[in-house]
Amino acid sequence: MNQPRRPRRTTTLALTLALGSALLASACGGGGGFEEESASSAPASASGPVDLKMLFGSSGDAETDAVKAAADAWAKKTGNKVTVTVASDMNQQLAQGFASGNPPDVFYMDASQYANYAKDGSLYPYADQIEDNEDFYEPLRETFTYEGKQYCVPKDFSTLALQINTDAWQKAGLTDADVPKTWVDLTTVAKKLTTGGQVGLGLSTGIDRVGVFVVQNGGWWVNEDGTKATGSNTEVREALAYVQKNVKEGQFAFAPDLDSGWGGEAFGTGKAAMTIEGNWIKGALEKDYADVKYKTVELPEGPEGKGTLSFTVCWGVSTDSKAQAQAVDLVKSLTSVEQQLAFADAFGVIPSRQSAAEQYQQKFPEDAAFIAGADYGHGPINRPGLDQVIADINSKLENLKGANLEQVLKSFDTNAQSALEK
Amino acid sequence: MTQTPAGDSIAPLARTKATRDLTTTDVREQQVVDDGNLVNRSGRGKKIAVYTALVVFALIYIYPFVVQVSTSFKTDADAVANPLTLLPNPVTTAAFERIAQTDFPLWFFNSVLVTLIVTAGRVFLDSLAGYALARLKFRGRNAVFTTILAVLAVPGVVLLIPKFLVLNYLGMYNTYPALFVPLLADAAGVFIMKQFFESIPVSVEEAARIDGASTFRTFWSVVLPMAKPALITLTILSFQGSWNELAHFIIAADDPRLYTLTRGVGGLTAGGLGAGNQFPVSMAAALLMTIPTAMVFIAFQRYFTQGANAGAEKG
Amino acid sequence: MSTVQTAAGPSTGRAPQRAPGKGGAQRQTTAGWIFTTPVLVLLGLFLFIPILMALWVSFTDWTGRGSPFSSNVETVGTENYQALLTQEGLSRQDFMTSLRNTFYYVVGVVPTQTVLALLLAVIVNQKFLKGRTFFRTAFYFPAVVSSVAISLVFLFLFTGTGAVNQFLAVLGIDGPTWFSDARGLIHIVGDWLGLWTIDSPPSGLADTQVMSLSLWEWVSGPSVAMSAIMLQVIWTTAGTFMLMFLAALQDLPTEVEEAAMVDGANRWQRFRNVTVPHLRPTILLVITLGVIGTWQVFDQMYVMTQGGPSKTTLTPAYLSYDAAFTQKQWGEGAAMAFLLFALIFALTSLQRFVLRDKDEAATRKAARVQARAARRKGTAA
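Protein chains in written order, with the working numbering: chain A, 1 to 422; chain B, 1 to 315; chain C, 1 to 381.
Because the hints were derived from the structure by calculation, they are not lab data.
Heads up, the beta-carbon is just placed ideally off N, CA and C, and yes, glycines get one too.
Taking lysine to aspartate or glutamate pairs in the EDC-like style, the calculated list, with each CA pair at most 16 Å apart, reads: (1) A/K293 <-> A/D176; (2) A/K422 <-> C/E74; (3) A/K192 <-> A/D178; (4) A/K422 <-> C/E88; (5) A/K271 <-> A/D257; (6) A/K410 <-> C/D207.
Far from chain A, by Cβ distances over 10 Å, these chain B residues were calculated: (7) A49; (8) Y51; (9) I60; (10) N89; (11) P90; (12) T93; (13) G121; (14) G241; (15) L288; (16) I291.
Kindly produce the complete structure, drawing on both the sequences and the hints.
Below, the structure is given as structure tokens:
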């Protein structure tokens, strides 16, 4: 009366059916989603009007509007179309776009991520198609050069300088002569400015801020040709120790401990009398903290001289783009002198073209400190595979006050070294 | 004489013991015979404790939603300065206006579309498969069932990367089907329907089959209408599963035109708002997202609680 | 073969039925397969195939460009798994950090939500309670709402100057800036008890490295930020489990309780010796579901913290996603997904074994032995 059970045969049958039908289905549409890598270096050019996709991470409405306007102007001039998308998570959306074989044609490429994309062939090297490429500052061009080839052109740059709240400055009885010129000066001044509800110097966390002290002490995170991690060198450790000492003593503080998202917010809300930020702070202060009176001066010198950090972003064009020629044309229009000055006006970035520098200096004399930094500013680490190591040390430095510097730097070196050797 | 539940060997004993106890005066708790069941008339202390705990928990559970509603009508400054107060001062609908300027209506539309398709699809496919596994005798039935059970053992999150790879491979990435087709695969629903169909008496189907009805007709016209409770449970679970889904939508598409509510609203905190935290906007967005859920919940309350147990029994 | 049961033995008195016959059985087979094929295809396509693809990717160095099956992609053996488990480096450090964080998360959330659910169920189940439906609804509602909406609300409640901290201020406690605070709870408690100072940890703990993390980091406990998320999740999911406990409580036959009452057991003894054993299967179920659910936590991290502050809310699920989609390390991301799968599977198996009903297991084992013996003897059972 029982059904004879033959479990093994029927299990196989069921699984085969499931897998078989699935494979059949996938064979019909299979493989279509992935783009094969293109080998040619001549720009792909679509015929007829194209619709370019642009993706970028915006600092706010001002930047969004300016970029959209510039893209629309080009579109109207050439009879094409540009679809501009503002990213909420730039890194993730860019990576997902490439992984799905459907990346944007033109996009912001940050210097810290740039090497990863250059290394795996995602970027189309169009710099040799820009006639006046030499007009861009050389350190910036070098930042975007990987294995001897320049992959993109810098769209603008910024450097770090010291912002001082002039009201707090006067209240503490300080004058122009007291503007700090050395580390000792900086400590003294910060101490004088530290009152009950205000700390002398407020900083955002991470190596993108404390790195200025490292540079001023003659050190850096990797060596010149990017083959060796040098985080544990004495110069780096001494610089971090200097910051740590001041934080422990109370005249320096980090933004999260001041209930702020970044140094600019701490500065704007009056929780810090000084901060170290780049030219983007101008727009932020104007918009959100308009009643703060401040001035910007060059950072004090360290034991090894002047030093600051410079940041830059380039216009990336993807290898997978089907309209590379048009994309490069768009980039050319976005990096013209007039356009760069227009961007500078709209959201406070420094043009990356030397020919625009003079006009910019005339228009924005208060940015002299930022512009001066272009000469001695150290660019970001741009070796492939290091962005995660940097994220890791940044997360450890969020608690610089209690950190064991030797261990943190040693761990950085270990991780960075293995990443560099890949 | 009071009636006790028949056929229970304990009851007569309890009855005699109860009557005997009632005649004694030292009872620790008052035991009342009520319709044949011993009922505890609880002491006042216990009642106070229970009601206090109840009120405390009720506050903890209701307060966040009240805050959500009231904050969505506050100004940014008011929300930050007075987070605890329940009355906005001043009352403003600025947050909702700001939301209307984002792609919120598009996200809402996408969510509704996906939810409708997934719910209808799951109900149909799962009841088909559940019926087959419960009532149709075919070789390999056990294997199919085991396969489906095995699926339940795979944690959903493990499938994020794998599903992305497959969607890409099939060329479905960044399309509308990518949003709902993978969600149609639902082993738990099959299990629920199978269990329910097994509880329907076979005689009903036999009667239909004698009358010459095909298998599908038997299923569709005779058995399915009897499965209303389970169908509603499955509908509720599918609605919940697709309206509230997030991780799948992250990997299925990155085109902003395909964002659903969860994806779009979730991105509001991550810089989509521009500078700083705009709490009234995020509260208003969360509120608008929750209203459909609340409406469905209130309408089908009974079935929600059934659903929770049904979904659990599969484990 | 035919599954027809010949009507043997005593007549049932019914009119002879038209036996289904071979045609009927065939129809059932066809129908059976047609009915189940859609579900099987979907499962095959979106479950089995993905798993196989991901398994393949976890053994390669694919960076996301081009097809993972193209000839440009090299297999690297178990390199991805080694990077996560045996090689000193950032991948292992991050993976171990995520395991540590989630371990404390699971250990904190599962018992608490189980106890809370049981407590709520007992309260709501009280016979004298009026408005039971209202309270049951209130407690269950958060479980039904999207985790995104709830995360947004809790982000607001837990800001440095938010509702929670203002409430704590009334109690005289200075609340932390919850989502920026990376200090571990165990570290804080130890600091408060005077065992150590957070800022200069004892060198014995801080200098010994186990699997890329120092012992001091291992015993940190959940961070303050993680605790905020834990509170949110407990609040949300207790309702679902409350319903399960409620159903089980209402299933408890009153005669058993009455007998115990009559035997003179007081309330607490009744609860311990009658109610809890009856609830045992439900408790096991709630814990199992809790463990499976907590090890997979992802949505809250994605919406609220993205792994921060200082990577203390990093979980394997989020790290796997981030490694693949943001860092373009698809091989490692896939490897992490499988390790997580294996971990969850092992934990639930272990837990079911440890918490099994030993009597039931013994009975079932005896039945199995009997059945095996009967089969060997060749008797049709």
